[in-house]
Amino acid sequence: MKALVIDDSRTMRRIVARALEDLGFEPPLQAEHGRDALDQLEAGAEVDLACIDWNMPVMDGLTFVSQVRANPAWRHITLMMVTTEAEHGQIVRALAAGAHEYLIKPFTTDAIRDKLDLLGLVPAEEHV
Amino acid sequence: MTLAPDGFAFVADLVRRRSAIQLAPGKEYLVESRLLPLAREAGLDVDGFVDRLRTRPTPADQDAVVEAMTTNETSWFRDGAPYAVLRETELPRLVAARGGAGRLRVWSAACSTGQEPYSVAMTLLDHLPAPMSSEIVATDLSEQVLERARSGRYSQLEVNRGLPAPLLVRHMVRAGTEWELSAAVRQMVSFRAHNLLDAPPVGPFDVVLLRNVLIYFDLATKRAMLDRVLRVLRPDGVLLLGAAETTLGVHDGWERVTVGRTSVYRPLAARTAVPVPIPAAAAVASPFVPAPRPAGFAVPAVPSPAAAPAAPLSRGAVR
Chain L
1 MKALVIDDSR TMRRIVARAL EDLGFEPPLQ AEHGRDALDQ LEAGAEVDLA
51 CIDWNMPVMD GLTFVSQVRA NPAWRHITLM MVTTEAEHGQ IVRALAAGAH
101 EYLIKPFTTD AIRDKLDLLG LVPAEEHV
Chain Y
1 MTLAPDGFAF VADLVRRRSA IQLAPGKEYL VESRLLPLAR EAGLDVDGFV
51 DRLRTRPTPA DQDAVVEAMT TNETSWFRDG APYAVLRETE LPRLVAARGG
101 AGRLRVWSAA CSTGQEPYSV AMTLLDHLPA PMSSEIVATD LSEQVLERAR
151 SGRYSQLEVN RGLPAPLLVR HMVRAGTEWE LSAAVRQMVS FRAHNLLDAP
201 PVGPFDVVLL RNVLIYFDLA TKRAMLDRVL RVLRPDGVLL LGAAETTLGV
251 HDGWERVTVG RTSVYRPLAA RTAVPVPIPA AAAVASPFVP APRPAGFAVP
301 AVPSPAAAPA APLSRGAVR
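From first to last, the protein sequence lines are chains L and Y.
So in the numbering used here, spot 17 of the first sequence is number 17, and the numbers just go up one at a time.
So in the numbering used here, spot 216 of the second sequence is number 216, and the numbers just go up one at a time.
By construction, these hints were calculated from the structure, which means they are not laboratory data.
Remember, it's a predicted structure, so these values are computed and weren't measured experimentally.
Keep in mind that the hints are not guaranteed to be accurate.
[Unchecked claim] If you anchor each label on the Cβ, the simulated ranges turn out as follows: (1) Y/A60 x L/R10: 17 to 23 Å; (2) L/G89 x Y/A101: 45 to 51 Å; (3) L/A45 x Y/R18: 54 to 60 Å; (4) Y/E135 x L/W74: 31 to 37 Å; (5) Y/L128 x L/S9: 19 to 25 Å; (6) Y/T55 x L/S9: 21 to 27 Å.
Where is the CB? At the ideal position from N, CA and C, for every residue including glycine.
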């Protein structure tokens, strides 16, 4: 499984990337903002899952989600918001824009695994 | 890396003072694994994080530690697959058998803080045809966790655990720093105190969830519990056990039906099984309950009932 972690915080990118690696993902690609992530996808990066912060400079997470959903070539990419934005309306907006899941910071590795399990993205050996 | 003994003692004391939950020596690995995500988030290792907690305590850090130590035992739609089977196989079968009418009764045993029965309630809301009604009886020995379950309020960390975002926004609203279940979901579940070693709630039930409970008991007690469930489950009803549990080799009154990557259990049609007497050790008023198994940990060796301390049966707390 291949992932792309999009967050303007290098520390947060590292935390999410490490959690994904612990769950059996290849070392994830990383992007500092939505535009950076789109550039990588347009350059041909292969990605099964994108973990996306909401508030970022240049291009925010919600715009990135909308852009990915507008391109049929990226229909297979699972989009999960990973953000401190925790209002009911924001979650609704993200889902309406095309996000599949929404994980609110702070979170535990167990919570990431639960979400990936919901999305059918946990490698088989992770199942008890 | 192992958490230093004084660091463990400090965390155990903090959690005990804040939650009354005892973290006995031997739980170092549990503490370390639960604190690791918090430490990582702070850019520290676990020892460094505990050191910060001691030297520069903040309410936010302390809350996060207590929460991390107390809320991971149960999650929404735990393991996923059993709920998929309920939705896709068992509910349609039971609805057809009842002619699409009447009331479907569910027992969620050892329901802890309520995520299991409320997950069932959400499933029924979405998948039970309108003419049918439902009743979910949720039981746990601990009044403390039942009180939390009845409140229908969950922390951010708790709703992160397995609740699909579309269901979160459909069935919950923000209430301060927490999330609160809709009245529609809460009204579907009635909570009551019950000891699994006592007579079961009044049946009959169509569905029984007895998940991640049997693993803590010896063979005779497992057998007695399965026998009690058999008495209150309708002949065409279904029992859902935890992923690491089975009736095979324990009680011969059940048929295992494998669906996808999970199994469900139905009463054997003729109920030819010889009734299993309830062992004296299991019939005592004060039940043996060892420490709950944290997710991803090995099942602990089960000591004899006589040697074990009396403690409430609940999956909602770390002891």
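Each hint, compared with the structure:
no.: 1; hint: Y/A60 x L/R10: 17 to 23 Å; verdict: 22 Å, holds
no.: 2; hint: L/G89 x Y/A101: 45 to 51 Å; verdict: 39 Å, violated
no.: 3; hint: L/A45 x Y/R18: 54 to 60 Å; verdict: 45 Å, violated
no.: 4; hint: Y/E135 x L/W74: 31 to 37 Å; verdict: 45 Å, violated
no.: 5; hint: Y/L128 x L/S9: 19 to 25 Å; verdict: 44 Å, violated
no.: 6; hint: Y/T55 x L/S9: 21 to 27 Å; verdict: 25 Å, holds
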